[in-house]
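Single-letter residue listing:
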Amino acid sequence: MKDELSTLQQTVLKDYKYGFVTDIETDTVPKGLNEDVIRLISAKKKEPDWMLEWRLKAYAGWLKMEEPKWPNVAYPPIDYQDIIYYAAPQQKPSLNSIDDLDPELKRTFDKLGISLEEQKRLSGVAVDVVMDSVSVATSFKKQLEEIGIIFCSMGEAIQNHPELVKKYLGSVVPMTDNYFAALNSAVFTDGSFCYIPKGVRCPMELSTYFRINAENTGQFERTLIIAEDESYVSYLEGCTAPMRDENQLHAAVVELVALEKAEIKYSTVQNWYPGDKEGHGGIYNFVTKRGICQGYRSKISWTQVETGSAITWKYPSVILKGDSSIGEFYSIALTNNYQQADTGTKMIHLGKNTKSRIVSKGISAGFSNNSYRGLVRASKWATNARNYSQCDSLLLGDRCGAHTFPYIEVKNNSSVVEHEATTSKIGEDQLFYCKQRGIDSETAVALIVNGFAREVMNQLPMEFAVEAQKLLAINLEGSVG
Amino acid sequence: MIDLSYIQKRFDQLQASHPNDELASLRTEAFNRFTRLGIPGLRHEEWKYTNVSNLFNNEYQQALSASALSGIDQSFLDSIRLPGSTDADELFFVNGRFISSLSSIRSSNDELIVISLPEALKSDFAAIVKQHLGHSNRYLEDGIHALNTSFINDGVFIYVHPHLKQPGDLNRPLYFYHISDVRDNHILSQPRNLIFAAGGSRIQITETFATIGTMDNLSNQVLEVVVNKDAYVEYYKIQNTVNANQISTTHFHQTGKSYVHALSLTLNGGTIRNNTNLILDGEGCDSHLYGLYLINGRTHVDNHTLVDNRQPNCYSKELYKGIMDEYATGVFNGKIKVERLAQKTNAYQSNKNILLSDHASINTKPQLEIFADDVKCSHGCTVGTLDENAMFYLQARGIPQQNAKALLLKAFAMDILVQIKPDRLRNYVEQLISDRLLINE
Numbered sequence: 001m002k003d004e005l006s007t008l009q010q011t012v013l014k015d016y017k018y019g020f021v022t023d024i025e026t027d028t029v030p031k032g033l034n035e036d037v038i039r040l041i042s043a044k045k046k047e048p049d050w051m052l053e054w055r056l057k058a059y060a061g062w063l064k065m066e067e068p069k070w071p072n073v074a075y076p077p078i079d080y081q082d083i084i085y086y087a088a089p090q091q092k093p094s095l096n097s098i099d100d101l102d103p104e105l106k107r108t109f110d111k112l113g114i115s116l117e118e119q120k121r122l123s124g125v126a127v128d129v130v131m132d133s134v135s136v137a138t139s140f141k142k143q144l145e146e147i148g149i150i151f152c153s154m155g156e157a158i159q160n161h162p163e164l165v166k167k168y169l170g171s172v173v174p175m176t177d178n179y180f181a182a183l184n185s186a187v188f189t190d191g192s193f194c195y196i197p198k199g200v201r202c203p204m205e206l207s208t209y210f211r212i213n214a215e216n217t218g219q220f221e222r223t224l225i226i227a228e229d230e231s232y233v234s235y236l237e238g239c240t241a242p243m244r245d246e247n248q249l250h251a252a253v254v255e256l257v258a259l260e261k262a263e264i265k266y267s268t269v270q271n272w273y274p275g276d277k278e279g280h281g282g283i284y285n286f287v288t289k290r291g292i293c294q295g296y297r298s299k300i301s302w303t304q305v306e307t308g309s310a311i312t313w314k315y316p317s318v319i320l321k322g323d324s325s326i327g328e329f330y331s332i333a334l335t336n337n338y339q340q341a342d343t344g345t346k347m348i349h350l351g352k353n354t355k356s357r358i359v360s361k362g363i364s365a366g367f368s369n370n371s372y373r374g375l376v377r378a379s380k381w382a383t384n385a386r387n388y389s390q391c392d393s394l395l396l397g398d399r400c401g402a403h404t405f406p407y408i409e410v411k412n413n414s415s416v417v418e419h420e421a422t423t424s425k426i427g428e429d430q431l432f433y434c435k436q437r438g439i440d441s442e443t444a445v446a447l448i449v450n451g452f453a454r455e456v457m458n459q460l461p462m463e464f465a466v467e468a469q470k471l472l473a474i475n476l477e478g479s480v481g
Numbered sequence: 482m483i484d485l486s487y488i489q490k491r492f493d494q495l496q497a498s499h500p501n502d503e504l505a506s507l508r509t510e511a512f513n514r515f516t517r518l519g520i521p522g523l524r525h526e527e528w529k530y531t532n533v534s535n536l537f538n539n540e541y542q543q544a545l546s547a548s549a550l551s552g553i554d555q556s557f558l559d560s561i562r563l564p565g566s567t568d569a570d571e572l573f574f575v576n577g578r579f580i581s582s583l584s585s586i587r588s589s590n591d592e593l594i595v596i597s598l599p600e601a602l603k604s605d606f607a608a609i610v611k612q613h614l615g616h617s618n619r620y621l622e623d624g625i626h627a628l629n630t631s632f633i634n635d636g637v638f639i640y641v642h643p644h645l646k647q648p649g650d651l652n653r654p655l656y657f658y659h660i661s662d663v664r665d666n667h668i669l670s671q672p673r674n675l676i677f678a679a680g681g682s683r684i685q686i687t688e689t690f691a692t693i694g695t696m697d698n699l700s701n702q703v704l705e706v707v708v709n710k711d712a713y714v715e716y717y718k719i720q721n722t723v724n725a726n727q728i729s730t731t732h733f734h735q736t737g738k739s740y741v742h743a744l745s746l747t748l749n750g751g752t753i754r755n756n757t758n759l760i761l762d763g764e765g766c767d768s769h770l771y772g773l774y775l776i777n778g779r780t781h782v783d784n785h786t787l788v789d790n791r792q793p794n795c796y797s798k799e800l801y802k803g804i805m806d807e808y809a810t811g812v813f814n815g816k817i818k819v820e821r822l823a824q825k826t827n828a829y830q831s832n833k834n835i836l837l838s839d840h841a842s843i844n845t846k847p848q849l850e851i852f853a854d855d856v857k858c859s860h861g862c863t864v865g866t867l868d869e870n871a872m873f874y875l876q877a878r879g880i881p882q883q884n885a886k887a888l889l890l891k892a893f894a895m896d897i898l899v900q901i902k903p904d905r906l907r908n909y910v911e912q913l914i915s916d917r918l919l920i921n922e
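First to last, the protein sequences are chains A and B. Numbering-wise, our numbering puts 268 at position 268 of the first sequence, and it's gapless, one number per residue. Start counting at 1 in the second sequence, then tack on 481, and there's your number in our numbering.
What the hints contain is simulated information worked out from the structure, not anything from laboratory work. Treat the hints loosely; a few may be bogus.
As the list claims (entries may be wrong) - BS3-like cross-link-like pairs, simulated, lysine-lysine; straight-line CA separation at most 25 Å: (1) B/K891 - B/K902; (2) A/K380 - B/K798; (3) A/K346 - B/K816; (4) A/K346 - B/K529; (5) A/K69 - B/K833; (6) B/K902 - B/K529; (7) A/K346 - B/K833; (8) B/K798 - A/K425; (9) A/K346 - A/K380; (10) A/K425 - B/K816; (11) B/K857 - B/K833; (12) A/K166 - A/K198; (13) A/K64 - B/K529; (14) B/K529 - A/K380; (15) A/K352 - B/K833.
On a predicted model such as this, the values are computed, not experimentally measured, just so you know.
The following block holds chain B by itself, in its conformation from the complex (with noise of 0.2 Å):
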């Protein structure tokens, strides 16, 4: 039995020092569902292939105060800095907690506003976060998610205007940086952010993770989007940290037609698990996921997706692929849901898998749950090696093995590689495989 104690000990320092906090009384309620619940063990059918128990064995620290985060050194900063950082809004957040003295909006404020969590609750946006915030609670019952809710402080909101110049123009790229500093304490982080999308807005979110130390840590984080009528969302996921340990949880909500395109990319990491939910909750809805989990060593990786028609004529696909390596283990999960509303669903599911040790492994499973009938929803899955064909064909053609299976393998990575829409991001995906797929040879 692990020792959860630290847990609860955390929460009451952070609800003494909040006591007459908006966001108090959803805490207390998500601390109570984390309780009843508990961390879920391999019986859990949505947790049966990843064990994160272990996971919470550490005392962690929840979080630091101000002060020791001067530490951070510019040079570092610089190093995970995202491709076009310098004509982008830059939010930082350091261990779960947003640092406005590291970020940068660039975008006026007819554009984008970013506000804390707290404030927002005080401000005109309060009645649409307390209409959001915490719609995911009813797609993910489990203890993991309850225990982001009960620790809800120290994220941001963020209002994305309508789109004013010419169309097809996009905001700023929003980048997102998540470090955890790890130079002193394990560390338990858990951002938490909303982002709302008005009607007729366009954005483009990418959210990336760095570790500075050491020691052990484990980020819980959640982000919350809400798409409204005629909005239009691009989100990129990249997680390329040696050994972090991560829940990450995004949740889509689309309440009117609106167009979202999700991408998620694994390449490094420790026991990792995404959890992308896209709840199409307006007619006409378009919805695009897609992931690449490319990875070796013993990394874990678990992708849970959810899509949930709720409303007709919605059109929704999903390409995972994934390249396993060495003692590497991979996870899929897709459920596609068809409520009885959504008549005149099209929702199409894939996931391709390689395995390329025999020491590594893939658990599978594409789910359907369809209760309207006039829907064409399809699945498939497949688990292979490298073609040998293939490989022979290059070979003969005097092109090292080596090479040959590089070459192949991207390729393979290339249907995903070609989701990612701004040029910049992608070209700099792009040398990260490259360099990784010519180093593990």
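Next up, chain A with everything else stripped away, as it sits in the complex (with noise of 0.2 Å):
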């Protein structure tokens, strides 16, 4: 217990530790956006006639819609054309060994407290590490090859793998599946590609640091993991972007798919720029993810843990398609401040005999809005499916909001769905208790933010359920009083 609560204090910082820009030449393609700069995206990536094809569409797609206005955040109107879409960072060619790496890159990592030498040697973590879109550093590869895992960039994977990105590129997020991942098809520069053969169970945690850095660059990844018959993989993304007064725009798309008896576990840590503490700048933050469990008791369970961007708007999904299927959701939304998250998850229940869990927790702080707004749908024919949702929502202070919305659409009488739902804030009593034990308050409220987050920190892995405690703590610094 002391040991925790000296760890918290020492990482209390009052601003955003990370807001740092790093001084690095980029290649970037001009402002705006237009078929010519998607040509010229592609030709960038020296990418094949098909996938060009399969960008135009989906940018014809995108001009014909709208952009979306039913979330519950409110921000000022997007100039699509005010954005870069391409910023490679300048470096050698090739790369034999991390060491090869730009110096200047590799203190920016170092100052995140990723070091990349140390993860390769104690953790056993494979970091395929994607800065300013392009992937400039992927360690323990090899091992993973020699295994039968592909584990690669997505530009990398086009190249060399073909025909499993023409196969399962969109097939869960279809590139016209709404505005942003439109957008995000058609524009997308890098992202992570990932591949677990029939009957592998991935030895080591697999994981990505996101990172945007130069000015006014929109970032688009796209990340398709797959998971063949009987394997299993766990996948962490972790977050965090330097400090920056205009807002960036961040459009991802994560792509699922888990064949029969597969199992993938996605895990995020998002630390984006959330705004200064008037609400001004901060990332933007418009994430399409999404899983199918393809197969016979296939799993796919999403964990996330998301304490920054000025704007959250993300709901990880499952289909859950085949017989038996399992999704899982499990999230902590923190907002301080002006942020504002709409955030949740999808439960599409078609196979028979799938069941589905969600747990919530929602803490508000400062002047910030928190909504909670998920779909639990049991198809006709997805006979004894099962639900439990449950979300819950703290307030700390009076001038920040909890919202819920919760769908639940049930078509057939063998189905259970239960839902249920709570808002409070901290209990007098509890701070009273911990006060009276000499813990300050601000402590105090940690400790109990840790206690009610802890059901869903206990789904994280070790080294993210750590870093996730801590940007708790640092995160709800100043909201008390």
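Hints are included, so try docking the two chains, each in its own frame, into the full complex.
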């Protein structure tokens, strides 16, 4: 206990710790979006024709669509012509080892607390670092290759495994699924690709650190994970971004495909720049994440800790198509100052005996608004579907808001769906209890919030759980009073 | 696209016949709103699961002249009368129009006053009516509610005086009978009434619906109830008419510390939409909201509730239960709003559903919007089917399957039935449900 508290105190920093700009020359295309920009991106990435056609088709679809207005968030209109759609850090054409990395880039990661060497040596985690849309370092690749796992950047996958990409890209999130997914499909620059062959249990946690760097660059990541029959993979995604005055747009797409008896565990810690205390600046995080349990007894589990971004608009979903498949969603969303979060999940039950579980914890402080928006749908054919949802909100301060919009649609009579939600504040008695024992109010609040979020924290892989706990404490700093 | 020109025609007729009416400006304003908003489609978030646009496709007559109403015979009226009607204040509305010749007000004038809305605007109550009529417009911003407001004319204003007898006594029950006479024409009836429960008054209101004839009918009915400080209001709504299409809005505005107990019961119908709003606009309000929908056939019931906590220290409890059989569809949308001022709010909401057939469906959305921090709010919702273990338990003890099922369903419904406080009304409803469960088997 004492250890935990002192770690908390050490890490309680007043301002955004990761706000700095790495001074690297970037290779950018002109501002704005039109067919030529898409052709240019495609050409720069040396993509085959079918990929370019796919992008152009998505772009044509995007032009016909309108920005969604239903989320419970407010922001000034985005000028899509004022965004640079491609920026790649300039570096030597190919890297033989991590030592060849641009020293400036390396220092950036050190400041973030990711030491590639150390990670490589100690923790057994393969890191595919994405900085400004291009993968700059990929480690442990060889070891993974030996057991047949393909883990590379999306760009490489398009070059080297076109048959897989062609088959699965856009199969879960169609290119014109929604406004931001269509935009992403047209202009995505890079991302991660992961393929786990039949019967393989991935021996290590795969992780990617996303980082937005060059000014005025929207980041459009595309991630695709395919787990073949009876395979298992756990994927970690962590995000931090430098401080910036202008709003930045992030519209990523993540697609997961789990085949028969496969299991995918996808964890996220998101701590992008949330804007300053007056609500200026910050990242717009409009993400489409969706997985499909394609096969019998497959399983997809989403875990997320959302503490950053000015606006979060994100609904990691699972389509439970295979019979007896399982979908899970664990989420902590913390908003402070003027942050807005509209997040939740969709569980679409199509197969028989499918199960899903939703645990969502929302914490709002300052002037922020935090919404849970979820859909549980049991179709006519999803006999014996089972869902349990729980969404709890904690309010810190009297200027913030917590909202719940659960949609439950059941179309057969053998399904059982349960939903419960509570909203409350930190009890005076709990605070009193802590203070009485010499714990100051700020630490006490951090302690209680961590307890509130424990159920979700437990789902995170070890290295993330520690980081996530620190993040909660840092983001709550100054909100107690 | 649906042709709504017949509505324009009816509106012009109404305005032409009552040009200098106090209500004319309210109607014009509402009609402009209606023309702007139109009939909500499925893309309207509040109407996502209920398609009403096709209901407006008929060329409905708005109301009949008074003479045409004579044809309703006494035996029909007796058949729809609620228990205890001989000792109640009964108000009859035919096609949305208040018929004083059929109604009987048994309370004395210092207990209860019933006058038509246009008259009320010329009486001492003018200020009250002006202040409160149309308060619901702020909460129901859709074309259908505006449409009702554009045709305000034939409704009544009821003033409930503070209670003078012994504490604990209620005034006589107040019964509303809404009859759609569709023997000759398709009818769109739009009753609109306002009840003002003065400070310290106690009243028990029941609304029920009936149809004569076989043509199409659509009722777009609104009741606004103003509940003042220390007033006590019980409200029951009983919907048990086959194929009746209804949009039924009940809007309670609690202006001071007061008590509201509202219950709606839906057993039969075509497409039904109930809007129940509770606006807690006084410190320390106590509000209870219950509902039961027990439906089969192709009945569609949509219960939309709103509890808007605007002042501190309010308590509200909401419980809706539904049983859907055959091709029935149920919708529940419960919204609890806690405004910034409303600290120390306690709000509970629960929605439980049983699906008995593979073709039945339920869409439920229990929603919380909270802007105050010192609150306790919770909501829960379940969807399921009959418990197999309970069925087995009963059958193992020699109870036939059919009876076991009826027993369990009745027990499920009982949570709501016990909330009907007047014994006579509760027994009447219990009988309706027992009959229904056995007939169904």
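How the hints compare with the structure:
| no. | hint | verdict |
| --- | --- | --- |
| 1 | B/K891 - B/K902 | holds (18 Å) |
| 2 | A/K380 - B/K798 | violated (32 Å) |
| 3 | A/K346 - B/K816 | holds (20 Å) |
| 4 | A/K346 - B/K529 | holds (17 Å) |
| 5 | A/K69 - B/K833 | violated (31 Å) |
| 6 | B/K902 - B/K529 | violated (34 Å) |
| 7 | A/K346 - B/K833 | holds (21 Å) |
| 8 | B/K798 - A/K425 | holds (20 Å) |
| 9 | A/K346 - A/K380 | holds (17 Å) |
| 10 | A/K425 - B/K816 | holds (20 Å) |
| 11 | B/K857 - B/K833 | holds (21 Å) |
| 12 | A/K166 - A/K198 | holds (19 Å) |
| 13 | A/K64 - B/K529 | holds (23 Å) |
| 14 | B/K529 - A/K380 | holds (19 Å) |
| 15 | A/K352 - B/K833 | holds (23 Å) |
Hint compliance for this structure: hints 2, 5, 6 are not met, and every other hint is.
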